[in-house]
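Enquirer: Make a model of the complete structure from these sequences and hints.
Residue numbers (this note's numbering), protein chains in the order written: chain A, 4 to 187; chain B, 366 to 552.
Among the clues, some could well be false.
[Claimed, not checked] A partial selection of chain B residues facing chain A, derived with a Cβ cut-off under 8 Å:
{"id": "1", "residue": "417"}
{"id": "2", "residue": "420"}
{"id": "3", "residue": "434"}
{"id": "4", "residue": "520"}
[Stated by the list, open to error] Computed Cβ-Cβ distance ranges for the label pairs, DEER-style:
{"id": "5", "chain 1": "B", "residue 1": "455", "chain 2": "A", "residue 2": "75", "range": "17 to 25 Å"}
{"id": "6", "chain 1": "B", "residue 1": "488", "chain 2": "A", "residue 2": "152", "range": "40 to 48 Å"}
{"id": "7", "chain 1": "B", "residue 1": "404", "chain 2": "A", "residue 2": "184", "range": "19 to 27 Å"}
{"id": "8", "chain 1": "B", "residue 1": "462", "chain 2": "A", "residue 2": "96", "range": "38 to 46 Å"}
{"id": "9", "chain 1": "A", "residue 1": "39", "chain 2": "B", "residue 2": "373", "range": "18 to 26 Å"}
{"id": "10", "chain 1": "B", "residue 1": "374", "chain 2": "A", "residue 2": "33", "range": "21 to 29 Å"}
{"id": "11", "chain 1": "B", "residue 1": "548", "chain 2": "A", "residue 2": "142", "range": "42 to 50 Å"}
{"id": "12", "chain 1": "A", "residue 1": "62", "chain 2": "B", "residue 2": "514", "range": "29 to 37 Å"}
{"id": "13", "chain 1": "B", "residue 1": "488", "chain 2": "A", "residue 2": "145", "range": "37 to 45 Å"}
{"id": "14", "chain 1": "A", "residue 1": "84", "chain 2": "B", "residue 2": "484", "range": "28 to 36 Å"}
[Stated by the list, open to error] Derived list of chain B stretches under chain A, where covered just means 3 residues or more per stretch with a C-beta under 8 Å from a C-beta of chain A:
{"id": "15", "stretch": "404-416"}
{"id": "16", "stretch": "423-432"}
Simulated from the structure, these hints should not be mistaken for laboratory data. Just so you know, even glycine gets a beta-carbon here, dropped at the ideal spot from N, CA and C.
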Amino acid sequence: MGLRDDVARVLIPEDELQARVAGLGQAINETYTDEDCPLLVCVLKGAFVFLADLTRHLKVRHEVDFMEISSYGAGTESTGVVRILLDLEQSIEGRHVLIVEDIVDSGRTLAYMRRNLQTRGPASLRVCALLSKPSCREVDVTLDWVGFEVPNEFVVGYGLDYAEEYRNLSFIGVLKEEVYAKSD
Amino acid sequence: MGHREIPAEIERVLLDEATIRVRVRELAAQIGADYAEINDLVLVGVLKGAFVFLSDLARNLTVPHDVDFIALSSYNKGVVSTGAVRLIMDTRSSVTGRNVLIVEDILDTGYTLDYLFRAFQARKPASLRTCVFVSKPDRHQVKVPIDYLGFEVPDEWLVGYGLDYADRFRTLPYIGVLEREVYETEG
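Expert: Put into structure tokens, the structure is as follows:
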């Protein structure tokens, strides 16, 4: 089964993606000092590919930590409240925290994550998102760095999946409508 | 991507980026060939260290697969591993009846992978294999089957490509040997 055949078109080719990730890394290098030692917080699963490439470009001293979350299901979506399956290994009190996200859609989950982490008293809290879909935004959430603004289409690859597939594509593609329409 | 200066704490580079890239591609080709006729492959990455290797391995894999993660913590935070590990986050989906490939950054004493192997075996997967990026044969305390291995490495403190020293140096794009004085004085 050819995963690439299910992609209608390449939205962001690999070289463009890599160049932008390098640029984001550079911006982060210029924002923090070694003393800040920012903690990059990766929200699984989707963001791990972005995190792996982004951190290869970081010269500034930093650490990484992971969170895994899941939705409580119907009824809680509007609040963005999620269940934390894996919390950070480290305390972030007094730390400079940078949330690394693959995509910001409605913004509800991210807004909740921001509030959640903010209560822990970090020295600073920023967000670096690879992709943002501004046309889908339902709540205001500050994104300090955005890789690409993308239209409201079903995007896959580079960590983004559809039913766990397409995550490992090295580019961002738009999924053919027939792929996600048939199983709905 | 050799634009990051090598930190003073790194004695030498053991595996550079190009060497790693080539080997990851070879491993992916080997895995792709072995699983070509097999459906329902799930790569289980062991946090935190394996995320870098997993991200590169998965991108080079041509066979369809899922990615899942588990997080472990050692009961003993010291340098010497006791073998006891605590599962702090399990996989999101069940592995029963599926083809599981555990992806680890390093095999040191083998206690962690041994524990994981037995834990996953008990869940009755269709098949269970291991893929380890670097292995330190001199350190092995228990015998764990490695199906896919990146490199055998000497018994030195290695950092980079997922491997850390107290959470530092984990994201170096190469694998380097940590200066002895770093862990002998600070640790």
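Enquirer: At a threshold of 8 Å, is the proposed contact between residue 520/B and chain A supported by beta-carbon distances?
Expert: Constraint on residue 520/B not satisfied, violated at 25 Å.
Enquirer: Closer than 8 Å Cβ to Cβ for three or more residues is the test here. Does the stretch 423-432 of chain B pass it with chain A?
Expert: Check passed, 7 qualifying residues.
Enquirer: Take the C-beta atom of residue 374/B and the C-beta atom of residue 33/A, compute their distance, and say whether it sits inside 21 to 29 Å.
Expert: 23 Å, holds
Enquirer: Holds or violated: the 29 to 37 Å window for the beta-carbon distance between residue 62/A and residue 514/B?
Expert: Since the Cβ atoms of residue 62/A and residue 514/B sit about 31 Å apart, the hinted range of 29 to 37 Å holds.
Enquirer: Tell me if the beta carbons of residue 404/B and residue 184/A are separated by a distance inside 19 to 27 Å.
Expert: 23 Å, holds
Enquirer: Does the beta carbon distance between residue 84/A and residue 484/B stay inside 28 to 36 Å, or does it fall outside?
Expert: 31 Å, holds
Enquirer: Regarding residue 548/B and residue 142/A, is the given constraint of 42 to 50 Å on their beta-carbon distance met?
Expert: 45 Å, holds
Enquirer: Quick check on the hint: residue 417/B CB to chain A CB, less than 8 Å?
Expert: Holds. Min distance 5 Å.
Enquirer: Using the Cβ atoms, figure out if residue 488/B sits within 40 to 48 Å of residue 152/A.
Expert: 42 Å, holds
Enquirer: Are residue 420/B and chain A close enough, Cβ to Cβ, to be under 8 Å, as the hint says?
Expert: 4 Å, holds
Enquirer: Take the C-beta atom of residue 39/A and the C-beta atom of residue 373/B, compute their distance, and say whether it sits inside 18 to 26 Å.
Expert: Between residue 39/A and residue 373/B, where Cβ atoms are some 19 Å apart, the hint holds.
Enquirer: Can the hint on residue 434/B be confirmed by a CB-to-CB distance to chain A that is less than 8 Å?
Expert: This hint holds: residue 434/B lies near chain A, its Cβ roughly 6 Å from the closest one there, short of 8 Å.
When the structure is compared with the earlier hints, a violation turns up for hint 4 alone.
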